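Undergrad: Protein sequence lines correspond, in order, to chains H and G.
Position 82 of the first sequence, counting from 1, maps to 81 under numbering that gives the first Met the number 0, and the rest follow consecutively.
Position 67 of the second sequence, counting from 1, maps to 66 under numbering that gives the first Met the number 0, and the rest follow consecutively.
Check before you lean on any hint, since a few could be wrong.
What the hints assert, rightly or not - Covered by chain G, according to a simulated footprint, are these stretches of chain H (three or more residues, beta-carbon under 8 angstroms):
no.	region
1	83-95
2	136-145
What the hints assert, rightly or not - If you anchor each label on the Cβ, the simulated ranges turn out as follows:
no.	chain 1	residue 1	chain 2	residue 2	range
3	H	Pro95	G	Glu56	40 to 46 angstroms
4	G	Pro334	H	Gly197	41 to 47 angstroms
5	H	Leu61	G	Tyr268	36 to 42 angstroms
6	G	Val201	H	Thr105	49 to 55 angstroms
7	H	Leu61	G	Arg439	55 to 61 angstroms
8	G	Arg390	H	Pro95	34 to 40 angstroms
9	G	Val443	H	Leu61	54 to 60 angstroms
To be clear, the hints were calculated from the coordinates, so they are not data collected in a lab.
Owing to the predicted nature of the structure, the values given are computational and were not obtained by experimental measurement.
The beta carbon of each residue, even a glycine, is placed where N, CA and C say it ideally should be.
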Amino acid sequence: MIGEAALVGLVGLVGLGGCGRPDVVEPSAPAPLPAHHAFTLDATPKQHRRMVPPEAFLRAYLQWFGGLAPLEVQRRAKVDGLFDTWKDYLAALGLPDYQVDTPRMTESNTIMLATLGRLAEALCVRAVEHDLVAHPPIDQRAIFAFDEPDGDLTLAAFTPRFDVLHRTFLSYPAALAPADRAARFYALFREVASHHAGGGALTPARTAWAAICTALVQHPETELY
Amino acid sequence: MKRRAALQLLGAGAAALATRPWSPLWAGAGTSSDDFFIFIHAAGGWDVTLWADPRNETKGLVVPASKTNTDVGQLGHWTDAANGSFEILAPGDSALRFGPGIGNLFDHRNRLTIFNGIAMNSVSHEDAVVYSLTGRHRTGGSVPAASIDVVVANELGRNQLMPDVAIKFGSHYVGDNLGAHAIPLRVTSVEEITRSFARSDVVLDGADRSRITALLTDEARQLAGGSTHPEPYQQLAVQHAALPRLLGGDLGTAFDARQLQAAYPQFNYKSVVQGNLAVSAAFAVEAIKRNFVRCVSFNLGGLDTHGANYRQHAHTLQELFGTVAIMLQLLDATPHPTRRATRLSERTHIVVLSDFCRTPQINMLGGRDHYPNNSALVISPRFRGGRSFGRTDDEQLLPVEAGRFTDGRRAITPADVLATFLGAFAIDPRRYMRDGEIIRDVLV
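Based on the sequences and whatever the hints tell you, model everything.
TA: As structure tokens, then:
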């Protein structure tokens with residue numbers, strides 16, 4: 000039990016406190032919050048197979064073709080009607096379009112492949128022009144970090160060059176791929192070069208290299224990273 | 000089991016069968032692979048009192064459309080009623096009753112099957128659209144079932160070049176029993192399709208692309224053969240294999256928006272709300288005519304009218320149903336691409352769905368908000384035309400019991416509508432849907 004005198008004293012103290020000068024928080028310069036240990040929690044659902052986010056494809060494309068900014072890709076690929084603008088392809092690339100309230104795609108589809116193929120073709124043609132036509136030093140090339148041999152390209156000469164592209168797009172040596180892969184791509188090279196033997200915007204061999212690049216960018220193993 | 004109990008059980012079963020107007024078994028009308036399907040999402044939530052479930056009296060919560068809340072100048076079927084609202088259209092040749100928003104589709108009234116009083120249990124666009132198109136509510140943020148277009152494409156679109164094209168439509172590919180061919184080609188506009196398939200021939204040409212896709216198809220098949228989980232490779236093989244036909248044809252020009260507008264001047268491309276979207280309807284007709292697609296799904300919107308824009312709601316409905324009416328006329332006039340002496344309309348099935356309906360009362364802003372009731376429209380030779388099923392109560396515009404289902408008497412749900420549609424094509428709804436029963440009353 001609190002005595003009467005103590006109670007009166009307590010009331011008095013509270014009263015004095017109420018009459019006192021109010022607390023003032025002095026302004027001070029904002030200090031950065033102390034650092035915390037940060038870690039990423041992967042909360043994405045795992046019970047079903049799911050598609051690699053389209054952003055991963057696009058980022059890979061941007062890195063492969065010279066670490067370009069998205070708008071730079073758009074600018075380079077737009078020439079000759081090879082590509083339009085990113086916005087024209089949001090849904091076709093599987094990206095959400097919040098302007099029209101469409102969610103992101105959960106599965107690849109033919110339009111997505113066609114759109115990525117359109118972009119791949121555009122960037123490969125540009126890469127041929129940059130690397131093989133303009134012919135900068137090897138270490139300044141984006142994709143075709145090899146020299147073209149004189150004369151016809153044999154399978155023996157094709158294989159190490161194909162390996163350069165294979166390592167770039169599929170991230171492992173062509174020698175570790177199924178045994179006939181280099182030969183199959185060589186056949187594609189020969190067919191495309193022969194088809195364009197009559198001439199075109201690029202030499203037959205360079206056109207064929209553009210085809211090899213386009214095929215590797217869209218290769219099932221590339222798309223299933 | 001004792002004899003008496005067995006007889007009681009048998010008797011109860013027989014009584015249930017005798018009194019139940021629909022069967023829990025699926026209908027089995029004969030699967031066909033040369034039918035075409037058009038699914039339309041009337042986006043935003045429509046006012047059913049202006050078309051399928053017309054109300055022109057103030058009763059309970061219901062405040063009907065009137066000249067004070069609706070611009071009636073351009074409404075072809077608006078006739079003034081004595082109380083300031085509209086006269087309900089009650090044609091003598093049909094049991095259906097319509098509001099003025101039905102527009103020119105009124106001329107096709109005997110081909111329409113209408114579901115009224117669909118219990119939505121949702122007033123959220125995101126959830127209700129999923130519920131309308133899949134028969135399931137969202138679970139958390141995810142969609143638990145495939146949408147109706149994907150199911151139909153999976154069952155009937157296997158051999159089609161583009162089994163399911165979804166233009167600004169909420170298609171969902173969900174489930175373990177779906178093939179890769181049923182993955183919707185989802186885009187936000189017709190132009191996106193033409194752009195994606197368009198190619199410059201400055202360096203590589205169509206023959207080169209065919210060689211590339213042939214090689215990639217073989218590579219995908221080879222990788223599938225050696226893979227523990229071959230499905231993704233098989234899926235890519237199917238998709239690469241389809242590319243030459245899509246890249247090599249005249250898709251880029253045939254489906255160009257300007258070409259479509261020139262080919263189908265009947266659609267009103269300059270209309271206030273549906274103008275840009277009418278190109279999707281033209282695409283549907285052209286793609287079906289060319290036998291490229293099995294399902295085309297698209298969105299005709301502009302119905303989310305919470306405020307003063309409600310004044311145009313009836314007009315927007317009139318435009319929407321006018322677009323559907325023109326599609327019907329075109330399908331009537333176009334021969335089927337593979338069947339002799341058959342019009343396209345005889346093998347084309349149209350479903351028009353919305354998120355939900357709008358409140359029976361007018362809000363403070365002069366518009367109507369979201370309301371958990373709905374209607375749906377089916378135009379199909381497999382359905383009995385000039386019929387409606389389900390109803391709402393007079394005072395609150397809420398769904399009431401439509402009949403006895405296996406789980407008792409209740410109102411119909413979106414799952415029942417979708418199950419009935421699948422049942423009309425002998426597709427067992429249970430393969431894809433957890434809920435929903437086939438309503439045989441509306442099937443031919």
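Undergrad: How does the Cβ-Cβ distance of proline 334 of chain G and glycine 197 of chain H compare with 41 to 47 angstroms: does it lie in that range?
TA: Roughly 42 angstroms apart at Cβ, these two residues keep to the hinted range, so it holds.
Undergrad: Note whether the CB distance of proline 95 of chain H and glutamate 56 of chain G lies within 40 to 46 angstroms or breaks it.
TA: Distance hint for proline 95 of chain H, glutamate 56 of chain G holds at roughly 44 angstroms.
Undergrad: Evaluate the given range 54 to 60 angstroms for the C-beta pair formed by valine 443 of chain G and leucine 61 of chain H.
TA: For valine 443 of chain G and leucine 61 of chain H the Cβ distance comes to about 55 angstroms; the hint holds.
Undergrad: So the hint says 55 to 61 angstroms: do the beta-carbon atoms of leucine 61 of chain H and arginine 439 of chain G match that?
TA: holds, 56 angstroms
Undergrad: If you check the beta carbons of arginine 390 of chain G and proline 95 of chain H, does the distance land in 34 to 40 angstroms?
TA: holds, 38 angstroms
Undergrad: Is the listed coverage of the region 83-95 of chain H by chain G valid when you require three or more residues with a beta carbon under 8 angstroms from a beta carbon of that chain?
TA: Holds, because 6 residues of the region 83-95 of chain H bring their Cβ atoms closer than 8 angstroms to Cβ atoms of chain G.
Undergrad: For the hint 49 to 55 angstroms, verify it against the beta carbon of valine 201 of chain G and that of threonine 105 of chain H.
TA: violated, 35 angstroms
Undergrad: Against the range 36 to 42 angstroms, how does the distance between the Cβ atoms of leucine 61 of chain H and tyrosine 268 of chain G compare: consistent or not?
TA: Holds, at about 37 angstroms.
Undergrad: Just to make sure I understand the rule, a stretch counts as covered if three or more of its residues have a C-beta closer than 8 angstroms to a C-beta of the chain. Does the region 136-145 of chain H meet that for chain G?
TA: violated (count 0)
Checked against the numbered hints above, the structure violates hints 2, 6; every other hint is satisfied.
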